[in-house]
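According to the numbering used here, the sequence shown is numbered sequentially starting from 2.
Hints are computed from structural coordinates only; laboratory data are not their basis.
Please note that a few of the clues may not be correct.
As the list claims (entries may be wrong) - When the alpha-carbon atoms are kept at most 27 Å apart in a straight line, the in silico BS3-like pairs for lysine-lysine are as follows:
#  : residue 1 : residue 2
1  : Lys11     : Lys30
2  : Lys25     : Lys44
3  : Lys20     : Lys44
4  : Lys25     : Lys11
5  : Lys30     : Lys16
6  : Lys44     : Lys16
7  : Lys11     : Lys68
8  : Lys36     : Lys16
9  : Lys25     : Lys36
10 : Lys44     : Lys68
11 : Lys11     : Lys44
12 : Lys68     : Lys16
13 : Lys36     : Lys68
14 : Lys30     : Lys20
15 : Lys68     : Lys20
16 : Lys20     : Lys36
17 : Lys30     : Lys44
18 : Lys11     : Lys36
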Amino acid sequence: MSNVNENVEKIRIAKGVSKTHMAKRLGYKTIQGYKHLASGSTKYTAERIMIAADTLQVNVQVFYDNKLTETVITEYSRTTA
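Work the whole structure out from these sequences, hints included.
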């Protein structure tokens, strides 16, 4: 089973996207709202998961599959090394 919030956070970190940037893209005025998503205390809405995918330049399906998440992270690491 995947944890969508956790997978988004893993990819965000791997790609070097700031919490502040994610918060703004997801419509939060402060970083606090994003922190609730990152920690899992708030679930992603369908709209916000689409925005997260667009921001991180991945297919939404990646967030729902732990193996795909790890593959994206590995591939990104290879291309930026």
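Now the hints, each set against the structure:
For a cut-off of 27 Å, the pair hint linking Lys11 to Lys30 stands: about 22 Å separates their Cα positions. The straight-line distance between the Cα atoms of Lys25 and Lys44 is roughly 17 Å, inside the 27 Å bound, and the hint therefore holds. Distance hint between Lys20 and Lys44 is fulfilled; the C-alpha atoms sit about 16 Å from each other, no more than 27 Å. For the hint pairing Lys25 with Lys11, the CA-to-CA distance comes to about 18 Å; that is within 27 Å, so the pair holds.
Under the criterion of a C-alpha separation no larger than 27 Å, the hint pairing Lys30 with Lys16 is consistent with the structure, at around 22 Å. Distance check on the hinted pair: Lys44 and Lys16 sit about 21 Å apart at the alpha-carbon level, within 27 Å; holds. Note on Lys11 and Lys68: the hinted pairing holds, with a Cα-Cα distance of about 12 Å set against a maximum of 27 Å. Between Lys36 and Lys16 the alpha-carbon distance is near 17 Å, which keeps this suggested pair within the 27 Å criterion.
Between Lys25 and Lys36 the alpha-carbon distance is near 12 Å, which keeps this suggested pair within the 27 Å criterion. In summary, the hint linking Lys44 to Lys68 is supported, as the alpha carbons are separated by about 21 Å, within the 27 Å threshold. Restraint check: the Cα-Cα separation between Lys11 and Lys44 comes to about 16 Å, which is no more than 27 Å; the hinted pair holds. Distance check on the hinted pair: Lys68 and Lys16 sit about 17 Å apart at the alpha-carbon level, within 27 Å; holds.
Between the alpha carbons of Lys36 and Lys68 the distance comes to roughly 24 Å, so the proposed pair stays at or under 27 Å and holds. For the hint linking Lys30 to Lys20, the alpha-carbon distance of about 12 Å falls within 27 Å, and the restraint holds. About 23 Å separates the Cα atoms of Lys68 and Lys20, which keeps this hinted pair within 27 Å; it holds. Distance restraint check for Lys20 and Lys36: the Cα-Cα separation of roughly 8 Å lies within the 27 Å cut-off, and the hinted pair is therefore satisfied.
Our distance criterion of 27 Å between C-alpha atoms is met by Lys30 and Lys44, whose separation comes to about 18 Å. A C-alpha spacing of about 13 Å is found between Lys11 and Lys36, which places the hinted pair at or below 27 Å, so the restraint holds.
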